[in-house]
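A.B. asks: These are the residues of each chain, in order.
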Amino acid sequence: MVLKLTNYFSNDPDFMSLLTILEFPDPRLRKRASPVSVVDDTLRNTINDMFETMYNAPGIGLAATQVDIHKRLLVLDVSENKDAPMVFINPEIEVLDSEPMGYEEGCLSVPGYFDMVNRPRKILVQALDKNGTEFELEAEGLLAVCIQHEVDHLDGKLFVDYLSILKRQRIKNKLLKDQKQRVNV
Amino acid sequence: MPKPLSERQLCIKILGDILDHRGSLASAFGANLKSYPNLNTALVQEYCYGVCRWFHQLDGIAQLLLDKPLRKKDSDVYCLILMGLYQLFYMRTPAHAAINETVAEAEKLGKSWAKNLVNAILRGAQRRQAELLEQTEKNYVCKYSHPDWLISQLKQDWPTTYRTVLDADNVRAPMTLRVNIAKISRSEYLAKLAIAGLSAHQGVLTSTAIILNSPCDVALLPGFSDGMVSIQDEASQLVAALLPLAPGLKVLDACAAPGGKTCALLEAQAGLDLTAMDNEPRRIMRIQENLGRLDLVATVICGDICTDSNPGAETFDRILLDVPCSATGVIRRHPDIKLLRTPDEVSRLVQTQADLLHAAWPLLKPGGFLLYSTCSTLKAENTDQIALFVMAMSTAEHVRLDIADSTSCEFGTQLFPKINSHDGFFYALLRKR
Chain B
157 MVLKLTNYFS
167 NDPDFMSLLT
177 ILEFPDPRLR
187 KRASPVSVVD
197 DTLRNTINDM
207 FETMYNAPGI
217 GLAATQVDIH
227 KRLLVLDVSE
237 NKDAPMVFIN
247 PEIEVLDSEP
257 MGYEEGCLSV
267 PGYFDMVNRP
277 RKILVQALDK
287 NGTEFELEAE
297 GLLAVCIQHE
307 VDHLDGKLFV
317 DYLSILKRQR
327 IKNKLLKDQK
337 QRVNV
Chain Y
9 MPKPLSERQL
19 CIKILGDILD
29 HRGSLASAFG
39 ANLKSYPNLN
49 TALVQEYCYG
59 VCRWFHQLDG
69 IAQLLLDKPL
79 RKKDSDVYCL
89 ILMGLYQLFY
99 MRTPAHAAIN
109 ETVAEAEKLG
119 KSWAKNLVNA
129 ILRGAQRRQA
139 ELLEQTEKNY
149 VCKYSHPDWL
159 ISQLKQDWPT
169 TYRTVLDADN
179 VRAPMTLRVN
189 IAKISRSEYL
199 AKLAIAGLSA
209 HQGVLTSTAI
219 ILNSPCDVAL
229 LPGFSDGMVS
239 IQDEASQLVA
249 ALLPLAPGLK
259 VLDACAAPGG
269 KTCALLEAQA
279 GLDLTAMDNE
289 PRRIMRIQEN
299 LGRLDLVATV
309 ICGDICTDSN
319 PGAETFDRIL
329 LDVPCSATGV
339 IRRHPDIKLL
349 RTPDEVSRLV
359 QTQADLLHAA
369 WPLLKPGGFL
379 LYSTCSTLKA
389 ENTDQIALFV
399 MAMSTAEHVR
409 LDIADSTSCE
419 FGTQLFPKIN
429 SHDGFFYALL
439 RKR
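Protein sequences appear in the order of chains B and Y.
Just so you know, the working numbering puts the end of the first sequence at 341, numbered straight through with nothing missing.
Just so you know, the working numbering puts the end of the second sequence at 441, numbered straight through with nothing missing.
Just chain B, with the same shape it has in the complex:
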């Protein structure tokens, strides 16, 4: 009820609300997001809500697709103290070093599961920031992993797609069971 009320004030940027994160195997996670054409206050409100949702999870990255907004937009903050928020609008990735780096990835849309995924070690990202200004960023380590993971979401892809069919199926069944239980409760 409280969450709904806050929506009435949604053009006030200080008023943020928690969004619902879709969970695998929800088909909406498979939608391809379309490019953002205008960076305006409405979008910035969405960005604020996404940050609040991400920090609350707690997470270090969130793609718009995960909150059922199918625009090419993602937020992340890989810092320890939640003091380095970053926004990427219409991100494009170029691989600078394709040497694979393994990381034990998880996903807010696949709660409770972590598994090793290999991705290119070093990337260059081009995107717009929250003011619509173009910027470039070289990334490696956790930041590179996180950006690639979130951009995958915008293309309807999940980290479980990199695992074996058997593992993916097991995760899917377990999550479906959990989701069913939650509905019954």
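Possibly wrong hints are sitting among the right ones.
[Said to hold, decoys possible] Here are the simulated DSS-like pairs of lysine-lysine, each with C-alpha atoms no more than 30 Å apart in a straight line:
#1 B:LYS238 with Y:LYS119
#2 B:LYS313 with B:LYS328
#3 Y:LYS11 with Y:LYS21
#4 Y:LYS387 with Y:LYS146
#5 B:LYS323 with Y:LYS81
#6 B:LYS328 with Y:LYS116
#7 Y:LYS387 with Y:LYS163
#8 Y:LYS11 with B:LYS187
#9 B:LYS238 with Y:LYS123
#10 B:LYS330 with Y:LYS119
#11 B:LYS330 with Y:LYS123
#12 Y:LYS346 with B:LYS323
#13 B:LYS336 with Y:LYS21
#14 B:LYS333 with Y:LYS123
#15 B:LYS313 with B:LYS286
#16 B:LYS313 with Y:LYS21
#17 Y:LYS21 with B:LYS323
#18 Y:LYS80 with B:LYS336
#19 B:LYS336 with Y:LYS81
#20 Y:LYS123 with Y:LYS151
#21 Y:LYS81 with B:LYS330
Hints in this document: simulated from the structure, not taken from any laboratory.
Assemble the complex: chain B is given as a structure, and chain Y must be docked to it using the hints.
C.D. replies: Frame of chain B; chain Y shown alone:
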């Protein structure tokens, strides 16, 4: 992406997998841990190894403090409680910090209801520490922190020494080096270690072993990448002294991976014609890596002497049969064995060992030697296994081995794990008539 796991959360995952028989310490601490770049992995290791080492004792204490057992789906809370108890009883963390950190972690698990429970149990443990430890003294499983079946078996096998064995299992093993005496003498290498600021002393069983006074990263060992030394327990190094070697002999190492004993043999005797076999393709690579680093040559074959890949009858002058075993002699290095191994598994291993002995024997030339070894302390895998084989095989003649610091059995020789020294091990030498 979710916030990366904290040290404690990762421990809960690793320990949960072990309790469910879905993983081991070795699998968790292999390459995987490198993928958590921001974590203090030494701390994760301390918790996980510590909780496994003292599991049966901590579990006993937790049972005393819990009103009713936790549900299966709350095994994460249970792992958290065991870690908290380990911290209270075995680590130097101040009690209030240990308790507060553990209680806070219950919240992060998304199980706020468990905060009071965890708090009550850990405060109870702190308050009643003396009384609880007294209680654990009364129960062998708790006192020695080993599973019941294993204590019973060791007691039956070694009625006078089993307590010493159980105590030694609970003490961390030292880091032991094998000096490649083809490249450098042991005393010269000890001098190199001293210069590098690493204190160490020589082993007593072999002419190649150096025991470090405290473990270190291999990267800090002088000349490691150039093959001057390898990491190997002293009991394993004995293999080169016990198998009679000479240049030109055809030698089969039938269960060779990861190749530690293969390399020990090749370093001890130049000019051996050695074939190293193992049936796991993944582990074959480890043999190649070890040979490569040490600049040694052997024929490496992926295969199983029990099945199709028979390398030919009466081909070999010497066979080393380092069979798969319960690894009860190296519990101090792999404390999860206490949680993972079952009596059924030991019975299956005993059968596999007998199959391997019978498959290896026809490959040995008459007059040749077969050295059988395990890192087990159970008679069924050791002296009893050899007794059955010698009885069944008229061409097998048992040769007595003389090893310092060991227990001579009817067949073969048993080494028990020794604090600050070698692992538990068994050797038996057979000659073909």
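A.B. asks: Against each hint, give a clear statement of whether it holds in the structure.
C.D. replies: Do the hints match the structure? See the list:
1. B:LYS238 with Y:LYS119: 23 Å, holds
2. B:LYS313 with B:LYS328: At roughly 15 Å apart (the allowed maximum being 30 Å), LYS328 (chain B) and LYS313 (chain B) satisfy the hint.
3. Y:LYS11 with Y:LYS21: 15 Å, holds
4. Y:LYS387 with Y:LYS146: Given that 30 Å is the threshold and the Cα spacing comes to 27 Å, the pair holds.
5. B:LYS323 with Y:LYS81: 20 Å, holds
6. B:LYS328 with Y:LYS116: This hinted pair holds, its Cα atoms lying about 24 Å apart.
7. Y:LYS387 with Y:LYS163: Holds, at roughly 11 Å.
8. Y:LYS11 with B:LYS187: Roughly 25 Å between the alpha carbons, so the hint for LYS11 (chain Y) and LYS187 (chain B) holds.
9. B:LYS238 with Y:LYS123: 25 Å, holds
10. B:LYS330 with Y:LYS119: Distance of about 19 Å is within 30 Å: holds.
11. B:LYS330 with Y:LYS123: 26 Å, holds
12. Y:LYS346 with B:LYS323: Distance ~28 Å between LYS346 (chain Y) and LYS323 (chain B) Cα, so the pair holds.
13. B:LYS336 with Y:LYS21: 24 Å, holds
14. B:LYS333 with Y:LYS123: 26 Å, holds
15. B:LYS313 with B:LYS286: The hint holds at about 24 Å.
16. B:LYS313 with Y:LYS21: 26 Å, holds
17. Y:LYS21 with B:LYS323: 17 Å, holds
18. Y:LYS80 with B:LYS336: 19 Å, holds
19. B:LYS336 with Y:LYS81: 16 Å, holds
20. Y:LYS123 with Y:LYS151: 29 Å, holds
21. Y:LYS81 with B:LYS330: 13 Å, holds
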